[in-house]
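Number of protein chains: 2
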Amino acid sequence: MRFLEERIRRDGIVREGNVLKVDSFLNHQMDIELFTEMAKEWKRRFADRPVNKILTIEASGIGIAAIAAREFGVPVVFAKKSKSINLDYDNYSTQIRSFTHNRNYEVIVSKKFLGTGDHVLIIDDFLANGCALMGLLELAEKAGAAVEGIGIAIEKGFQEGGRTIREQGHRLESLAIVESMDAATGEIVFRQTDC
Amino acid sequence: MRFLEERIRRDGIVREGNVLKVDSFLNHQMDIELFTEMAKEWKRRFADRPVNKILTIEASGIGIAAIAAREFGVPVVFAKKSKSINLDYDNYSTQIRSFTHNRNYEVIVSKKFLGTGDHVLIIDDFLANGCALMGLLELAEKAGAAVEGIGIAIEKGFQEGGRTIREQGHRLESLAIVESMDAATGEIVFRQTDC
Numbered sequence: 001m002r003f004l005e006e007r008i009r010r011d012g013i014v015r016e017g018n019v020l021k022v023d024s025f026l027n028h029q030m031d032i033e034l035f036t037e038m039a040k041e042w043k044r045r046f047a048d049r050p051v052n053k054i055l056t057i058e059a060s061g062i063g064i065a066a067i068a069a070r071e072f073g074v075p076v077v078f079a080k081k082s083k084s085i086n087l088d089y090d091n092y093s094t095q096i097r098s099f100t101h102n103r104n105y106e107v108i109v110s111k112k113f114l115g116t117g118d119h120v121l122i123i124d125d126f127l128a129n130g131c132a133l134m135g136l137l138e139l140a141e142k143a144g145a146a147v148e149g150i151g152i153a154i155e156k157g158f159q160e161g162g163r164t165i166r167e168q169g170h171r172l173e174s175l176a177i178v179e180s181m182d183a184a185t186g187e188i189v190f191r192q193t194d195c
Numbered sequence: 001m002r003f004l005e006e007r008i009r010r011d012g013i014v015r016e017g018n019v020l021k022v023d024s025f026l027n028h029q030m031d032i033e034l035f036t037e038m039a040k041e042w043k044r045r046f047a048d049r050p051v052n053k054i055l056t057i058e059a060s061g062i063g064i065a066a067i068a069a070r071e072f073g074v075p076v077v078f079a080k081k082s083k084s085i086n087l088d089y090d091n092y093s094t095q096i097r098s099f100t101h102n103r104n105y106e107v108i109v110s111k112k113f114l115g116t117g118d119h120v121l122i123i124d125d126f127l128a129n130g131c132a133l134m135g136l137l138e139l140a141e142k143a144g145a146a147v148e149g150i151g152i153a154i155e156k157g158f159q160e161g162g163r164t165i166r167e168q169g170h171r172l173e174s175l176a177i178v179e180s181m182d183a184a185t186g187e188i189v190f191r192q193t194d195c
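Protein sequences, first through last, are from chains A and B.
Residue numbering for the first sequence follows this note's numbering, beginning at 1 and increasing consecutively.
Residue numbering for the second sequence follows this note's numbering, beginning at 1 and increasing consecutively.
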């Protein structure tokens, strides 16, 4: 997935505190041509998996998930950050810790849209500590849905999320894994992978 | 745009208080095939406009905007609901009233991604009172971007947003306009349009 690494090197900005800003192409402005390339790559890597639905979480996962879903020919369900107790719904819910905003979110998926018949591919833009991903896995587990795989755009390989998820036996395909970053020089080192 | 009307009739649920639930295909589960049809229709209707960017707002506009952007061959910028004062950014910002959540949001777009060279198509899932759309128009105006048109999936024609926006001279293409709904019978009446 060299093209994503190249794009990160070109347009990503490294900030103090292990912050990697990719808002010019990934999570504020969205380069849909790049997303299409990413989607085709996940389609190639998960070609053997019987995916019938893509699961993501609002907000920045939605665009990538939608373009991926177009390649897979399946619908998307996105988990919502609940702002209020919603008596109208019969939902699966879980708590997700956001370090960015220093608070917990309740995240929900309607029971109507995730169930025992589903074989989901989870898609998200970032994987760092893994909190959001753990939440999505918990929602899928509560729903009895099979998780066929996880596709991540950028994994921060120096945080624990990726290792934890892989140790649980999940097939996790991150298209770029950042091994280290240096805010002073702007240098980004990627993990060597075999594809 | 009969296929969207048919889908709303089939899968939309009318609730008391003029609530139309379309979460099975539009704003929780997303039917990407339907989105692709919608995108092609907007492409047809705005074929004469020099669109170089699609502008939307998180969260439920993002999926539709991404699929539309793939048809138009342009990037998306989505306005973000600001959770904190973000000194890191140089943003355009405005306040948007949410009746659903009974609060005001600050909504921002980075100055890096919207400017005087831009010709934007605004895309969103719903138009009712028009608050979100007014906010996006204000952001575009502050940025000096030209608004080439506005594409909405479902307009609530009995609320004032659509009329206000059209009276301002904007080219607004709503793919389904609900004229009235009846929660008791579930009946939905659509506005007759010429395409």
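Take these hints with a grain of salt, some might be off.
For identical chains, the list gives no copy identity; a pair is met inside one copy or between any two copies.
[Said to hold, decoys possible] Under the rule of at most 27 Å between Cα atoms (straight-line distance), these lysine-lysine pairs were calculated in the DSS-like manner:
#1 Lys112 x Lys21
#2 Lys21 x Lys81
#3 Lys40 x Lys142
#4 Lys112 x Lys142
#5 Lys142 x Lys21
#6 Lys111 x Lys40
#7 Lys21 x Lys111
These aren't lab readings, by the way, just hints derived from the structure by calculation.
Right, here's what the structure says about each hint:
1. Only between protomers do Lys112 and Lys21 lie at most 27 Å apart by alpha-carbon distance; the minimum there is 13 Å, versus 36 Å within a single protomer.
2. In the homo-oligomer, the alpha carbons of Lys21 and Lys81 lie at most 27 Å apart both inside one protomer (23 Å) and across protomers (18 Å), since each shortest distance falls under that limit.
3. Proximity of Lys40 and Lys142 under a CA criterion of 27 Å is satisfied in neither setting, with 29 Å inside one chain copy and 37 Å between copies.
4. Proximity of Lys112 and Lys142 under a CA criterion of 27 Å is satisfied intra-copy only: 13 Å inside one chain copy versus 41 Å between copies.
5. For a Cα distance limit of 27 Å, the shortest separation of Lys142 from Lys21 across copies, 24 Å, qualifies, whereas the shortest one inside one copy, 33 Å, does not.
6. In this assembly of identical chains, Lys111 and Lys40 lie within 27 Å of each other by CA distance neither inside one copy nor across copies; the values are 29 Å within and 31 Å between.
7. Taking identical chains as interchangeable, the C-alpha atoms of Lys21 and Lys111 lie at most 27 Å apart only when they sit on different chains, with a minimum of 15 Å there against 35 Å within one chain.
Against the hints set out earlier in the document, violations occur for numbers 3 and 6.
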